[in-house]
Amino acid sequence: MRNVKMILAATLMLGASVANADKLSDFKDAAGTNGCQSIPYSDLRSSCTSEQSQVHEYCDGRQGPVTCGSESITRQLKDNLDREKKRVETLKEKKRNLEDQKSHATDDSEKNGLAREIEQVDKDIYEGGKRVDQAIADLDTRKKLVDDTIYTINKCIDYRRAVMNVFATALDKVRGENDEDIKPLARQLRDKYEEGKRGHEIAITDKKNAQDNCRESRP
Amino acid sequence: MQSNDVRLIEQIHSAFPNEPIESDGAFGKVGTTYPDATPYMKQIAGKSWAQLDREYIVRRSDALGFLATRHLIAVLPVYLRALVEDGVWSPAAGMLMLILTRPVRGKHTGLGRAGFGALVETLTDEQRAAVACVLRAFSEKDPDGSLGKAARAALEDYWKTYLPAGE
Chain A
-11 MRNVKMILAA TLMLGASVAN ADKLSDFKDA AGTNGCQSIP YSDLRSSCTS
39 EQSQVHEYCD GRQGPVTCGS ESITRQLKDN LDREKKRVET LKEKKRNLED
89 QKSHATDDSE KNGLAREIEQ VDKDIYEGGK RVDQAIADLD TRKKLVDDTI
139 YTINKCIDYR RAVMNVFATA LDKVRGENDE DIKPLARQLR DKYEEGKRGH
189 EIAITDKKNA QDNCRESRP
Chain Z
71 MQSNDVRLIE QIHSAFPNEP IESDGAFGKV GTTYPDATPY MKQIAGKSWA
121 QLDREYIVRR SDALGFLATR HLIAVLPVYL RALVEDGVWS PAAGMLMLIL
171 TRPVRGKHTG LGRAGFGALV ETLTDEQRAA VACVLRAFSE KDPDGSLGKA
221 ARAALEDYWK TYLPAGE
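Those protein sequence lines, which keep their order, are chains A and Z.
Counting from 1, position 203 in the first sequence corresponds to residue 191 in my numbering; the numbering is continuous, with no gaps.
Numbering-wise, my numbering comes out as the position in the second sequence, counting from 1, plus 70.
The following block holds chain Z by itself, in its conformation from the complex (with noise of 0.2 Å):
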């Protein structure tokens, strides 16, 4: 691993607190139709973001889509984690993509406005500046590519004010 990798890493770990997820109310309204919703409910019980079944998370990244806001943070760290290390092979990337581009107003994509205003509100400052960094990091990797383009497109469309100063 690069040493960006590991100082994203870190940088990821300090921002999200490792705290017991609740994981009642994970899929509030929103998400009652989400298919899956019952075992992941059961996966994140009771466990800290870096204590989750790092496989099953990611590879149920289309839990992002239904999870209650609070929630939705509360396992972000475990995607945001994946991007880091497994780059453009990461089962969650184009998910992870979706939710994190401020969606175009009119246009259903994404969270809708409403969702990721949410999203970006309930964020702390840190926790904004490590989605920043790893996207910034992931477009880097990927500078060609579609999930790079896609990564860069929303780090310059929002998150790229939240890049740590001089950088």
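Excised from the complex, chain A in its bound form (with noise of 0.2 Å):
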């Protein structure tokens, strides 16, 4: 019974010995690299590599526009719109002024004069409300860029938040590490990662200024 004991004891400490090993192993693996591979922990550093790929397919523009351009864009497009609205108010004023002065006219040549005239005044009214058709859709399609712009930029901030918060967790994890050969390790990566902390938050403020962009944008 004694001996049963003694071998399950060493077989115990033998294990601790071999986990301790590894982790040493893991700790010196991610102090000599950078990126995700940083990090010593295998479950916090497959969420890295995987939130990471995500801020690839939404930052990167693989799955919709990320840059609204100017919000002057929106601005020159509603302009533009309400000029040639404007345009075209006016020649339908100028065609009611045509036909009232060919109602007051007496002699044939004037009413045919003013009758081409109205017809002239038709087709630019007619090409004029193509015009702010074109415009309309112009604006739509503006309105379209900046709406897929604003979802796709959301999810990007959220995935490289996800990214930033993985390493807060393993700063957090890092710092209670009390083992005598991992300590000096630990405390390097410590350091990397409040290092790091700025280069995050310079890529999300960038997003949400990005964002505001957008939204000031919206037509």
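It is worth saying that the hints were derived from the structure and are not from the lab.
For each residue, glycine too, the CB sits at the ideal point set by N, CA and C.
Please note that a few of the clues may not be correct.
Unchecked claim - What the simulated footprint calls covered on chain A by chain Z, stretch by stretch (three residues with Cβ under 8 Å from a Cβ of chain Z suffice, anywhere in the stretch; the number is not a length):
| hint | region |
| --- | --- |
| 1 | 16 to 27 |
| 2 | 106 to 118 |
| 3 | 167 to 181 |
Using the supplied hints, reconstruct the complex from the two chains, each of which is provided in its own coordinate frame.
Structure representation (structure tokens):
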């Protein structure tokens, strides 16, 4: 019975020692590299890699547009639509005046001349209407781009935050490491994670600014 | 392309040396957690800025917040050139405005005071002038947009000192 206990204790000690050696090896590997691979915990490392692949999907433009350009593009399109609508209104007013003149005209040549003018104005109104339709279509296209971009950037920000949070969790864990062999490596990693926080924050701020820009660009 | 854009690109080429980039240390302590550090380093290793895959580098503008100062300067001309050529549609425009804006004291914005200080101290006068000219041209192209306004603010706050005399 005593022998069995001793064998069991020895097995447990050996198991713990192997686990510790594996953990130390993970920390050594992590300290010598960068990116998600600089995380010594396999579960977090895997989360980081998986979230980062989504960052690429949404921030690189594979899933949709990532920039709205300038807010002034929307203003120009709106101004263009207003301008074209006003032109058509002016033409319609002109047509009404011509029809009024024609109804009061006494001789045939004047009536014929006014009729030709009205015919030309009708053509201009038709062309103006087509330009209004085009301006509306352009504005709709712009609206779609802006809405699609807001959606994509939103996802991009979510995944960037997720990656940053993985490193924040890893930071908490390395701070809690007590093993004497691991401590120096954990300190190295802690410093690196702390220093790297700004980079993640800048990337998120960039996307937030881009999203604000898009919101301002909504027609 | 407008003639001013052509002049700006020539100015960028003249200011930033066309030398091979040593990728070691590109992402030092500050950049360890940049998830694309390894592929980005592979992209820049041994190439001059003019030889870089412009599309890849511009798409990875998030690297600018993680790069060591020396490497940030080595790739900066790629982003400046994209700003000249693509204007507000450059995917890197917003990031460039963030890192080229001097952070407000007491606020943790952009590269931070120390990071921004290191950047501008390491740039040569010719390089600072190139940055100033690009910011000015960009702000003039987008006077009412938020990006153009950000460029003008960065210029007014810091870079305008380096505009060529008489301009």
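Outcome of the hint check:
no.: 1; hint: 16 to 27; verdict: holds (count 6)
no.: 2; hint: 106 to 118; verdict: violated (count 0)
no.: 3; hint: 167 to 181; verdict: holds (count 3)
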